[in-house]
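Following the hints, position chain B with the ligands against chain A.
Those sequence lines, one after another, are chains A and B.
Counting along the first sequence from 1, when you hit position 82 you're at 74 in our numbering, and nothing is skipped either side.
Counting along the second sequence from 1, when you hit position 457 you're at 508 in our numbering, and nothing is skipped either side.
For the chain A half of the interface with chain B, some residues (derived, Cβ under 7 Å), not all of them:
id : residue
1  : D22
2  : M23
3  : E27
4  : D49
5  : E52
6  : Q77
7  : F121
8  : I137
9  : F146
10 : L180
11 : Q182
Simulated from the structure, these hints should not be mistaken for lab results.
Small disclaimer: the values here were computed from a predicted structure and weren't measured.
Think of the CB as a built atom: it goes at the ideal place given N, C-alpha and C, for glycine as much as any other residue.
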Amino acid sequence: MNLKLKIWRQKGPKDNGKMVDYPISGISPDMSFLEMMDVLNDQLVEKGDLPVAFDHDCREGICGSCSMYINGEPHGPGRGITTCQLHMRSFADGDTIHIEPWRAAAFPVIKDLVTDRSAFDRIIQAGGFISVNSGSPVDANAIPIDKHDSDRAFDAATCIGCGACVAACKNASAMLFTSAKVSHLSLLPQGQVESRDRVLAMINQMDEEGFGNCTNTGACEVECPKGISIENIARMNRQYLGAAISYSPPKATGGGD
Amino acid sequence: MSEFREKTSIVDARVPEGPLADKWVEHKNHVRLVSPGNKRRIDVIVVGTGLAGASAAASLAEMGYNVKSFCFQDSPRRAHSIAAQGGINAAKNYQNDGDSTYRLFYDTIKGGDYRSREANVYRLAEVSASIIDQCVAQGVPFARDYGGLLDNRSFGGVQVSRTFYARGQTGQQLLLGAYSAMSRMIAKGGIKMYNRHEMLDVVLVEGKARGIIARNLQTGEIERHSAHAVVLATGGYGNVFFLSTNAMGSNVTAAWKAHKKGALFANPCFTQIHPTCIPVSGDHQSKLTLMSESLRNDGRIWVPKKKGDTRKPIDIPEEERDYYLERRYPAFGNLVPRDVASRAAKERCDAGYGVGASKMAVYLDFKDAINRMGEDVVASKYGNLFQMYEKITDENPYKTPMRIYPAVHYTMGGLWVDYNLMSNVEGLFVLGEANFSDHGANRLGASALMQGLADGYFVLPYTIGDYLADDIRTGAISTQSSEFDAAEKEVKNRLHQLMNNGGTKPVDYYHKKLGKIIWEQCGMSRNAEGLKQAIADINAIREDFWKNVRVPGTEGELNQELEKAGRVADFIELGALMCQDALDRNESCGGHFREEFQTPEGEALRDDDNYAYVAAWEYQGAGMPARLHKEELHYENIKMVQRSYK
Ligand SMILES: Cc1cc2nc3c(=O)[nH]c(=O)nc-3n(C[C@H](O)[C@H](O)[C@H](O)COP(=O)(O)OP(=O)(O)OC[C@H]3O[C@@H](n4cnc5c(N)ncnc54)[C@H](O)[C@@H]3O)c2cc1C
Ligand code: SF4
Ligand code: FES
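Just chain A, same shape as in the assembly:
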């Protein structure tokens, strides 16, 4: 296959960046999209040019590193796949392919197609956990869990933290990502204890990071490679309202022994 690539090149966080054309030939339809990028990069290195920087690691759709905005869609054409799972057979000979980084204020570009998604980590740090220390937990079968709840928790827990939901959203909202973690934990008895604090803290952090509001357009669900459902957003909103109404933060109690 012969293709015309148009790729976002940006030297560093402060550089303006621009689209640059790269014709490429001899691409096999069995290659993955990232293997096509490898071919391009080896050619650039051999010519003495700078290769295109992009994040990737597992190359099987599970680590959430890869993150290219291809022809106007996060992770490119095709549903339920990440960029690394996209294959060149999805394109036709002679196609022009536009390749850009995620665009969102909360995900600043570091270089070329690499963005800084550490805001997601900070949302999890705000409350995306169950407070239990390593040591001597109770037996795993001490608390039976309804299979349906456990399956729904699992579905939400499969989020890979890629950020496609943010990139797909015209408001750059992180609601799908945040609600997936809130749902995963609150659907399990172990996670229910802290659910009120969790939802308040995580939503608060999300706002602080500069993600936009959710206006229910549903673009996130369509582009999510893991099929995370917007039902999770509804569930989180319910929990948030409940928590916000009934909640008064605990007063600090100092001193004593």
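This is chain B with the ligands only, laid out in the frame that chain A set:
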């Protein structure tokens, strides 16, 4: 002084005295403790945020130590462990099929072909049950049955169902559990997280590991970090083969740098070639994809009985199919251990019975499973794996059998550690796949996740205290010392050399060349002559690499070619050591198959009289043969027998 006795040799594992079943409990009761007030004054560096590193970092921070964590990805959640599919073992006996700590211990020793350390393996089996409890408490959504209790499946090399799983994404769910525990401690200030940082050297002060030199991958800055102890949980080195199922970034650099500073590298030639992976499709291939071993529970492996049969698999009638694993190993059938299954596939393909365009593949067929259980049930068990297969190959495994071939998957070898998981370098601890660990010459499926989490949640947090108890009055370790100066200078020189050698060839050119040699000469089968040639060839690659590799850009920026170059430089040196180790071991055991040493039926032939040892290698300089130290293995509780899965 520590309760722990003095070492009698460089490879003395200092296994505690007493009966096997009491060693760990007794040891825990006697290791020294660090009081909560003193822990606050102690810093620990943990490199790696996979299952081993994340669980260790979280646990140490919960106990009160100041932890600094490092990973090269943009988030700790993306460590390679995330990709593990099939499951994690634990001797819970929830299925009441007679499982016990002893059986898990026995299966692991036998599966490892009697080349692992008894006391460590027993401890692993002993703490396995607590891992499941810990993960459930963190909210890991393991598969459950309709009664709401945990479900199990079985894996190769065993006859019980002890594998816990979360659909085909067990590693993801376990890692997210450990990552959430870490996140909690990051928020509390117990862990300082350094994403996009790569450790490029370990710093020894007065013989003790006291810090690291790291490169900030985003800015290119070289940084010094000090601590009272350094923990490496940096994963395996399967990518030395170029093509493997490991994530692209997985590398040996951290372990190799430690090796160059004196840490012994044990059993480097013990690598695991996993039998069920999607075959190579062309030269462009950048990595290989595993199809979980759990598929062998219900899938049947076969090739045509006729050589060079080009019919479509569905057109080949039942009586013309050779279910060769069921034929050769009736007791275990499709569930023989990985090394056995991989060699059997290679044997059939080499003999001309392979299928697919390349003829380097065998079928993994779900026809009978679909007939027996229905497509729905098969989909609920393996749906995501089938989908993954279809995305890559464009073939529907519900309709036509999968094509599979063995691929490099896991490395049993790694840095040598004692019973406390400390290397021979004081204060340098090694966890998870990075250590030579508990799997001997072959790892059983679902045991790597178990080992990583055992090391991080349940072993290191206790054993490290015994070492750190001497440091409660040391005070913060300064980074302004001649040792840090020297290490930093060395790192900078090396980067500089890579950037400025004026070469012409991309890094991948060398990596592919190296991988091909190792795959052919030090892969599924090896012989003395091939190994000797490989060592010479690898040394030639090393020289060529340093002269002719081209790394564009600069040191002071995000530079992925530079990252790769550093890693490949270390892989090249490691490759030579792997071949040296394979050449030294004049026997076949587990994943190490020396053609000269086999039974008349073509099974691995061990030599327990001469090779029942861990080969721990000491670095002697690039291109120089390493020096061998032998840790003799003593089996007091298990009789060594020829492995049989017939
Ligand atoms: C596809 C696949 C499926 C698998 N499935 C299973 C399974 O079902 N069951 C099972 O038991 N095992 C399975 N395994 C094996 C298992 O996943 C691994 O052995 C295990 O996850 C390794 O964990 P780890 O914590 O030791 O290292 P890793 O998860 O590899 O983590 C290494 C960490 O070290 C960091 N690091 C490395 N070098 C440096 C450096 N120089 N500087 C800074 N940071 C560094 C990385 O950033 C990363 O955080 C599978 C393996 C593969 C490849
Ligand atoms: S919700 Fe989906 S799109 Fe968003 S981060 Fe998670 S996996 Fe990616
Ligand atoms: S590289 Fe891991 S999800 Fe694409």
